[in-house]
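Asks: Spelled out, the chains give:
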Amino acid sequence: MLVKLTVNGEKHEADVEPRLLLVHMIREVLRLTGTHIGCDTTHCGACTILMDGRPVKSCTIFAVQAQGKQLMTVEGLEQDGKLHPLQEGFMAEHGLQCGYCTPGMLMTSFAFLKKHPKPSEDDIRWAISGNLCRCTGYVNIVKAVQHAAAAISGGA
Amino acid sequence: MIPAAFEYHAPSTIGEATALLAKLGEDAKVLSGGQSLIPLMKLRLASPAHLVDINAIPGLLGIREADGFLRIGALTRESDLEESEIVRTRYPLLHDTSKVIADPIVRNLATVGGNLAHGDPANDHPATMLALGAEIVAVGPKGERRIPIATFFTGPFATGLKPDEILVEIRVPVPPARSGGAYLKLERKVGDFATAAVAVQVTLGANGACEQAGIGLTNVGLTPIKATRAEASLKGKALDESAIKQAAELAAQAAEPSADLRGSVEYKKDLVRILTARALRKAAERARAGRA
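Chains as they are written, first to last, in my numbering: chain C, 88 to 243; chain U, 0 to 291.
No wet-lab data here; the hints were simulated from the structure.
Below, in silico cross-link-like pairs of lysine-lysine (DSS-like), each with a Cα-Cα straight-line distance of 25 Å or less:
1. K156/C / K28/U
2. K41/U / K156/C
3. K41/U / K91/C
4. K188/U / K268/U
5. K230/C / K205/C
6. K98/U / K201/C
7. K202/C / K98/U
8. K188/U / K230/C
9. K98/U / K205/C
Predicted model, so just to flag it, every value in this text is computed and none were measured.
So that you can see chain C by itself, here it is in the shape it has in the complex:
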């Protein structure tokens, strides 16, 4: 089945089996391997991408369901060679250890900060409650998101 979709502003199309999961299309057909597959059972959120602006777990949606949709993956954060404030924040605050959950954390936080530019710590913890960090580095992840929120609202 022919699927046409837009990823990070770029149009793509591919002939795929209906059972192909969106995360497999992203990683194996489009070769965008920034999006990770963690638990593969809808729990961990490593595969989180944005579909029409909303974070979704791309291991739990078929590629054919993304027909005509606007997707954004972690590769879409950097603009013109400049890292997004969230990426800067994760670096500055050591928001990653093994880095496996990071793409999902970044995409969830990206959508969250658009809606909640000045979040409390509790708000952030609530927002990332569907993303698991097996290194349990949540303290620094929260700090990284706070760092980005400050940078964005400060106009940096």
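Got chain C; can you put chain U on it based on the hints?
Replies: Frame of chain C; chain U shown alone:
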């Protein structure tokens, strides 16, 4: 994990969708948010030969009050329910529930209709809708019919929907003045199914006595449970500690949990007792505060 192969259909009208379901029969499953169905397919616990994706059908979205009901389109995402102003201000039981279903990312795809049509006793909306006395609107090739929620859950993962019917809307009666509700869920972690959860909706009379009570139980039986004896015990009574204690004990008696990783039978029944009492206090407090 790769699901078994299937044929994908994306009809653009309800008529087309129900005709497809009528033709394909038991080989077809309706795909709504997919947050329960797709994991089951990946685990090969479900291997439907056909998926009928209803997401492209217009008119199945939205939350509005009309004709004495809060009318929730089946494709309404849980996150939209959670953010709905009308739900937040007038339907605290529904709002409570929307905040604890799965996790925030899953809620961006998961639908209210799917949560009910899946017939999983561990899902959260069934107990809430039992407490609210909702009705299910189903459409099939022969037209529309309404199913009272109390008769909707017929067995484990089984509902009153016929194979060629689609759940299109949920209707929650607009609560009278001095109504309030609460949903309390104990879960080991965000995203886990409830160890147990309790939905309570009460309406108080002008004198403060309980006129109407609805109590639904999550994940403590083969189907979602309506704790009818506990509900009846509250009618006409002031919602004081002795009435709450009695209703909580009756709710615990109505629970038929099985022991698993989340706890023993005794633990879960006692949890129902505690959660019922707490939910009743919270619901009564909200009803007295004039929240709908």
